[in-house]
Amino acid sequence: MIGKLLSYDPPKSRVLGVVLAIIVLGLALAPFLFPGAAAINTAAKICIFIVLVASYDILIGYTGIVSFAQTMFFGIGGYGVGLSLYFLGPTWPVLALGIVIALILGVALAFVIGLVSLRVKAIFFAMITLAVASAFLILATQLSELTGGEDGRTFRVPELLRPGTKLLEAPLFGLEITGRIAAYYLVFLAALALFLVALRLVNSCFGRVLQAIRENESRAEALGYRVVYYRTLASCLSAALAVCAGVLSAIWLRYTGPETTLSFAIMLDVLLMVVIGGMGTLYGAVIGASLFILAQNYLQKLMGVASAATEGFPLLPRLLHPDRWLLLLGVLFVLSVYFFPTGIVGRLTQRARK
Amino acid sequence: MSVPVLETRDLTIRFGGHVAVNAVSTGFRAGELTAIVGPNGAGKTTYFNLISGQLPATSGQIFLDGEEITALPPSARAQKGIGRAFQITSLFPNLTVHENVRLAVQARSRHAASLTRLWSSHREWIERAERALEEVNLHNQRDTLAAALPHGDKRKLEVAIMMALEPRVFMFDEPTAGMSVDEVPVILDLIAKLKARGDKTILLVEHKMDVVRSLADRIIVLLNGTLSADGDPAEVTASAAVQEAYLGVAPKRGAAHG
Chain A
1 MIGKLLSYDP PKSRVLGVVL AIIVLGLALA PFLFPGAAAI NTAAKICIFI
51 VLVASYDILI GYTGIVSFAQ TMFFGIGGYG VGLSLYFLGP TWPVLALGIV
101 IALILGVALA FVIGLVSLRV KAIFFAMITL AVASAFLILA TQLSELTGGE
151 DGRTFRVPEL LRPGTKLLEA PLFGLEITGR IAAYYLVFLA ALALFLVALR
201 LVNSCFGRVL QAIRENESRA EALGYRVVYY RTLASCLSAA LAVCAGVLSA
251 IWLRYTGPET TLSFAIMLDV LLMVVIGGMG TLYGAVIGAS LFILAQNYLQ
301 KLMGVASAAT EGFPLLPRLL HPDRWLLLLG VLFVLSVYFF PTGIVGRLTQ
351 RARK
Chain B
1 MSVPVLETRD LTIRFGGHVA VNAVSTGFRA GELTAIVGPN GAGKTTYFNL
51 ISGQLPATSG QIFLDGEEIT ALPPSARAQK GIGRAFQITS LFPNLTVHEN
101 VRLAVQARSR HAASLTRLWS SHREWIERAE RALEEVNLHN QRDTLAAALP
151 HGDKRKLEVA IMMALEPRVF MFDEPTAGMS VDEVPVILDL IAKLKARGDK
201 TILLVEHKMD VVRSLADRII VLLNGTLSAD GDPAEVTASA AVQEAYLGVA
251 PKRGAAHG
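Protein chains in written order, with the working numbering: chain A, 1 to 354; chain B, 1 to 258.
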């Protein structure tokens with residue numbers, strides 16, 4: 001059963017399996033285990049980014065396509081749903097309509113970019129995606145009548161998912177079951193399903209050809225695989241997954257704006273998550289996204305504690321001051337790339353193989 | 001005479017002012033093993049690249065079963081039955097030996113690009129790949145990454161990939177180059193068995209004249225991109241063109257007259 005769900009591609013090392021199980025359980029029970037708005041926000045963000053990072057890994061890790069337009073598709077999902085709900089009202093059919101529009105737009109755009117530019121050399125393709133993504137970001141901020149410009153749009157979601165909605169009379173295990181909890185579980189279950197779909201994709205016959213293309217394009221072509229077809233389809237599928245992640249993000253935040261979905265800062269974060277977790281393995285997306293977002297949210301607090309604890313030592317409290325958290329994150333990133341060039345999952349898998 | 005399976009007509013490629021393959025017209029029949037010989041830089045590998053589609057022809061035509069394939073991409077030619085083993089090994093370095101071969105088996109299946117089927121559900125691909133590995137004596141390394149194989153084994157894997165592809169036209173580009181002496185017979189036996197099946201068209205670029213003489217039904221000689229001799233092995237190896245190609249001198253004509 002579990003084997004089938006995981007497309008017969010379970011984690012290759014026991015440590016990895018345990019860590020993944022802890023993450024999934026932690027996310028599944030997050031509202032009960034870690035009460036408070038900040039914690040559940042972090043958990044939802046992890047779920048959303050696992051999907052986004054997985055979609056990016058299909059491109060960069062499995063197919064070897066370097067693109068910088070992944071946040072554009074993330075944004076298309078966010079704006080598609082956000083603007084639909086904003087203009088047409090917070091109902092389920094409108095939400096569905098928004099998803100369909102965003103998917104069509106995202107996949108069509110990925111198809112066109114792929115058709116026009118996947119034949120050119122990798123570096124030019126990366127440049128083209130960068131240009132298109134910049135254009136889209138500018139478009140989204142300039143069309144302020146429609147998109148709300150820099151401020152973005154705050155909108156309402158269907159009633160079931162609103163924080164004010166009470167779903168159960170009595171608290172469950174000490175937790176008020178509100179629409180917020182429903183929204184969290186919608187995000188969690190959708191993310192889980194999308195991740196399993198992505199896993200299925202990379203383990204399909206199609207997915208194996210993607211790896212062949214990454215490894216040796218001309219050899220794959222000489223075996224009879226039409227490389228342009230595989231690359232274009234991979235781009236479209238990856239875009240569709242990123243759109244879905246954007247939809248989840250919009251549903252969760254009830255807001256869509258350039259900073260939260262389209263910015264290059266997010267693109268960079270996604271890139272780091274893929275590298276830290278391990279390229280070419282979807283489990284890396286889970287580890288990378290979880291670690292990175294946890295560090296982003298809790299490193300400052302942890303440093304505050306450490307800074308206070310080292311009071312009296314020279315220099316240390318200053319270095320550990322919460323304001324230096326980006327510095328420490330940078331150091332952690334450099335160390336992780338230095339010690340785990342194949343990512344955490346790559347490292348664990350190598351160890352298990354020995 | 002039977003019709004050639006593969007045929008090139010005035011096949012030419014020019015790189016700037018240099019004509020690497022110059023108006024080569026010849027055909028290759030089923031069941032026939034043709035060795036292509038010539039000195040380094042004669043255009044043998046370039047000729048192969050034109051046939052399998054890695055390079056576009058400047059002029060001339062290529063026919064497979066009478067159908068013109070000159071403008072088709074390499075993937076379409078492969079699907080029509082042209083199989084190519086490369087001189088400089090061309091593998092999937094970070095995939096295992098078994099995966100390398102399985103991808104060749106998969107390429108022939110109508111489920112090759114399926115999004116809904118798992119690769120692991122195709123037992124027959126896995127088994128066929130294992131047989132191809134046994135044929136070249138690589139089955140003990142099935143889970144090694146291709147990049148980690150020693151040079152000779154990489155060459156064997158290159159051949160195994162083509163065997164698994166089961167093309168109708170086999171193109172071997174110096175299959176035994178860089179192999180140790182005890183490994184060479186495995187590959188030569190394989191080619192001999194292939195030939196014995198009688199329905200395959202085999203093209204072989206090879207430098208070792210003893211190999212060529214023992215395997216080939218026919219030898220063609222390329223010199224500076226031009227077809228300069230074509231005939232049965234005994235005849236061609238004795239000819240002036242080959243002497244010149246390999247010894248750098250024309251045989252002394254005067255000597256024959258005393």
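Misleading hints may appear alongside valid ones.
Said to hold, decoys possible - Here are the simulated distance ranges between beta carbons:
hint : chain 1 : residue 1 : chain 2 : residue 2 : range
1    : A       : Q296      : B       : A148      : 34 to 40 angstroms
2    : A       : N297      : B       : P56       : 42 to 48 angstroms
3    : A       : P163      : B       : E127      : 54 to 60 angstroms
4    : B       : A148      : A       : P10       : 21 to 27 angstroms
Said to hold, decoys possible - Covered by chain A, according to a simulated footprint, are these stretches of chain B (three or more residues, beta-carbon under 8 angstroms):
hint : region
5    : 67-76
6    : 209-215
7    : 222-230
Just so you know, these hints were derived from the structure itself, not from any lab. Think of the CB as a built atom: it goes at the ideal place given N, C-alpha and C, for glycine as much as any other residue.
Hints, one by one, checked against the model:
A C-beta distance of roughly 38 angstroms is found between Q296/A and A148/B, which places it inside the suggested range of 34 to 40 angstroms. A hinted range of 42 to 48 angstroms for the beta carbons of N297/A and P56/B is inconsistent with their spacing of about 55 angstroms. For the pair P163/A and E127/B, the beta carbons lie near 57 angstroms from each other, so the given range of 54 to 60 angstroms is met. A148/B and P10/A have their C-beta atoms about 24 angstroms apart, which keeps the hinted 21 to 27 angstroms range intact.
Residues of the region 67-76 of chain B lying with their CB closer than 8 angstroms to a CB of chain A number 4, which satisfies the three-residue condition for coverage. By the rule of at least three residues with a Cβ nearer than 8 angstroms to a Cβ of chain A, the coverage given for the region 209-215 of chain B is violated, with 0 such residues. For the region 222-230 of chain B, the stated coverage by chain A is violated: 0 residues have a C-beta nearer than 8 angstroms to a C-beta of that chain, whereas at least 3 were required.
In terms of the numbered hints stated before, the structure departs from hints 2, 6, 7, listed from lowest to highest.
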